[in-house]
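There are 2 protein chains.
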Amino acid sequence: MRTQTEAGNGAALRVQAGYGHVVGVDIGASNLRVALADMNGTILGKWSASTKETSSPAMVIEQIHTGVESLLKQASVPWRSLLAVAAGAPGITDADAGVVVATSYLRGWKDVPLQSLLRAALRVPAAVENDVRMAAIGENWRGAARGVADFVFLAIGTGIAAGVFANGRLIHGADFAAGEIGYMHVPGTPEEAAQDGAPGSLESVIGGEGLRQQWLRGCTETGVAVSRGLSATEILERARAGDELAAGILHRSAKILAYAVYNVSLVLNCKLFVLGGGVGMSEPLRDSTRHFLEQFNEPVRPKLTISSLGQDAQLIGAIRLAMNKAESRIGVKVSD
Amino acid sequence: MRTQTEAGNGAALRVQAGYGHVVGVDIGASNLRVALADMNGTILGKWSASTKETSSPAMVIEQIHTGVESLLKQASVPWRSLLAVAAGAPGITDADAGVVVATSYLRGWKDVPLQSLLRAALRVPAAVENDVRMAAIGENWRGAARGVADFVFLAIGTGIAAGVFANGRLIHGADFAAGEIGYMHVPGTPEEAAQDGAPGSLESVIGGEGLRQQWLRGCTETGVAVSRGLSATEILERARAGDELAAGILHRSAKILAYAVYNVSLVLNCKLFVLGGGVGMSEPLRDSTRHFLEQFNEPVRPKLTISSLGQDAQLIGAIRLAMNKAESRIGVKVSD
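Chains A and B, in that order, are what the protein sequence lines are.
Just so we're aligned: 328 in our numbering is position 326 of the first sequence, and the numbers increase by one with no gaps anywhere.
Just so we're aligned: 28 in our numbering is position 26 of the second sequence, and the numbers increase by one with no gaps anywhere.
Hints are not guaranteed to be accurate.
One copy or any two copies: either way a pair holds, since identical chains are not told apart in the list.
Listed next, the in silico DSS-like pairs over lysine-lysine satisfying Cα-Cα at most 27 Å (straight line) [to be verified]:
no.: 1; residue 1: Lys273; residue 2: Lys54
no.: 2; residue 1: Lys75; residue 2: Lys48
no.: 3; residue 1: Lys327; residue 2: Lys54
no.: 4; residue 1: Lys327; residue 2: Lys305
no.: 5; residue 1: Lys54; residue 2: Lys305
no.: 6; residue 1: Lys257; residue 2: Lys54
no.: 7; residue 1: Lys327; residue 2: Lys273
no.: 8; residue 1: Lys75; residue 2: Lys112
no.: 9; residue 1: Lys327; residue 2: Lys257
no.: 10; residue 1: Lys75; residue 2: Lys273
no.: 11; residue 1: Lys54; residue 2: Lys75
If you are wondering where the hints come from, they were derived from the structure by calculation, not from laboratory data.
These figures come from a predicted structure and were not determined experimentally.
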């Protein structure tokens, strides 16, 4: 076992001087968010920028550097106090190698060595993880799944994906593609396999765009010409307000989501599903899905809850992962 | 790290005298099987008996004792050479506590402390595990999934259940019910939730009894009165021989199985499925399911293969688990 004094590199000194600091990064399809935290996980500042015009790896890294510099200055924390950085990125991410293998966002990053780039830019140890798994880490640490060893974070936005904890550990799968349940087939979803790059069977119906398509088809069929531009969340809210067309869509979508949640729970025997993402955080969808789930008793009925961290889940997960990295660097556990 | 000489209890002596021996037990719904192996995992003898008339825990334990005594005598191995025993049992099994929580077989065992009973009867450390997970351990050690860190052993008999390896470890789930995918809903299975104790949606169609029901309904509808007593495997073989009714059943069942396999692979990103059980080992079913799976490319296409250990998978898994138990007892790893 290593002790503080064995850790070298002045780490012991830094630990005594307030444990040092870490940076968490959430690289999204349209926004980049950076947070600075101390080693208690307390966030000292947040910084964000658009990635719409600056999606190349080099540009994103430069943005992150700018953000970190700004946050450190604002909090009067010196660069040498920085212990580690962790970043979540969309798509297939090899967390071991630290590489974003492929994503349909960020103009299609392919084999981007994000971990090395971050380490080189910030001169501290770095870790990377898929964005949905990062959110699961966040929820497990400080959110709706605090301390739960077996649970699923289910992100429903345009696409659908799950971050899976089993035995208290993240499941990555053989190709870091575990949890890609947007392709799942359940009663009520298209029976055909998804084409290359096209939405999966499940997300084509109950993802954000799928819900909008259901709405538009309904408007056309019923001759309702108004409100064609509603968002998925607005459609689900309309159902609660009594709109008949929207209520039908909510009913159908919740039933399909209940099948998907139940199927996943059968594989993993996880009792808790934390819903995140723009569509996933819809209360009408949660309530209606719960109603359908109540019909499933065997072998256990999974519980549904909405993310308590919301859009901060990934950023908070990134802080936790950076803290893990820092703790393994200084050879001592300073947080729980 | 412990050394051989620290292990005490004469373990070091036994290790030098051929590493000692272990016993693996497969407690099935109708048969009890016991095997004696050395610490290389070489099976020295097998023994079996019916559990149809003797299904109480006390009687099964007595049978196991008789079997072990007989095997030791036959192989001229003294009792004191026995290092550990492991047993697989049907139903929900708490592997940590060593308890068979509930099973619909063995006249409904409930909260049976199998591990303690085995330890008391054989006077060696004992381990217990669910039968399907035990088979997965066997396939991972010496079968079709040798050395594969992420795979699923899929047992299809009367019921359907999966033994899941992720990150090289078994997934048990929050209530030791992981892998109970017989309840899964996919396109083509009944949409209603299963009633208490009734077969699940998936197994009600493609489990052994489900296949027979499909056949019987087909016979009635087509007016074919012959061959009503065929087994599920025989029905699937008939499809290969050109029988039209059987071919329709195979087509339908393989499509449903392909959906189930694909859904599970999405959750876990496991590339390999090892098929076991009476129905699962049917070659026509495997071939036809493979055909349907070829349509699924995103994000990865899972591979299907038939168990190479067959009905010995559980017994071999039990030997492996007993060896683990023995190795942790003597504090030294003597096998891989």
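Status of the hints after comparison with the structure:
When the C-alpha separation of Lys273 and Lys54 is checked against a cutoff of 27 Å, the pair qualifies neither within a copy, at 38 Å, nor between copies, at 35 Å. Within a single copy, Lys75 and Lys48 get their C-alpha atoms as close as 12 Å, which meets the 27 Å cut-off; across copies the closest is 73 Å, which misses it. Taking the closest pair of Cα atoms, Lys327 and Lys54 never come within 27 Å of each other, the shortest separation being 29 Å inside a single copy and 56 Å across copies. Proximity of Lys327 and Lys305 under a CA criterion of 27 Å is satisfied in neither setting, with 32 Å inside one chain copy and 35 Å between copies.
Proximity of Lys54 and Lys305 under a CA criterion of 27 Å is satisfied in neither setting, with 37 Å inside one chain copy and 39 Å between copies. With identical chains, the CA atoms of Lys257 and Lys54 are never at most 27 Å apart, being 35 Å at best within one copy and 42 Å at best between copies. Within a single copy, Lys327 and Lys273 get their C-alpha atoms no closer than 29 Å, and across copies no closer than 30 Å, so neither meets the 27 Å cut-off. Proximity of Lys75 and Lys112 under a CA criterion of 27 Å is satisfied in neither setting, with 33 Å inside one chain copy and 63 Å between copies.
In this homomeric assembly, Lys327 and Lys257 never come within 27 Å of each other (Cα to Cα): the closest approach is 41 Å inside a single copy and 45 Å across copies. Proximity of Lys75 and Lys273 under a CA criterion of 27 Å is satisfied in neither setting, with 44 Å inside one chain copy and 48 Å between copies. Taking CA atoms no more than 27 Å apart as the test, Lys54 paired with Lys75 passes inside one copy only; the shortest distance there is 26 Å, against 76 Å between copies.
In summary, the numbered hints that this structure violates are 1, 3, 4, 5, 6, 7, 8, 9 and 10.
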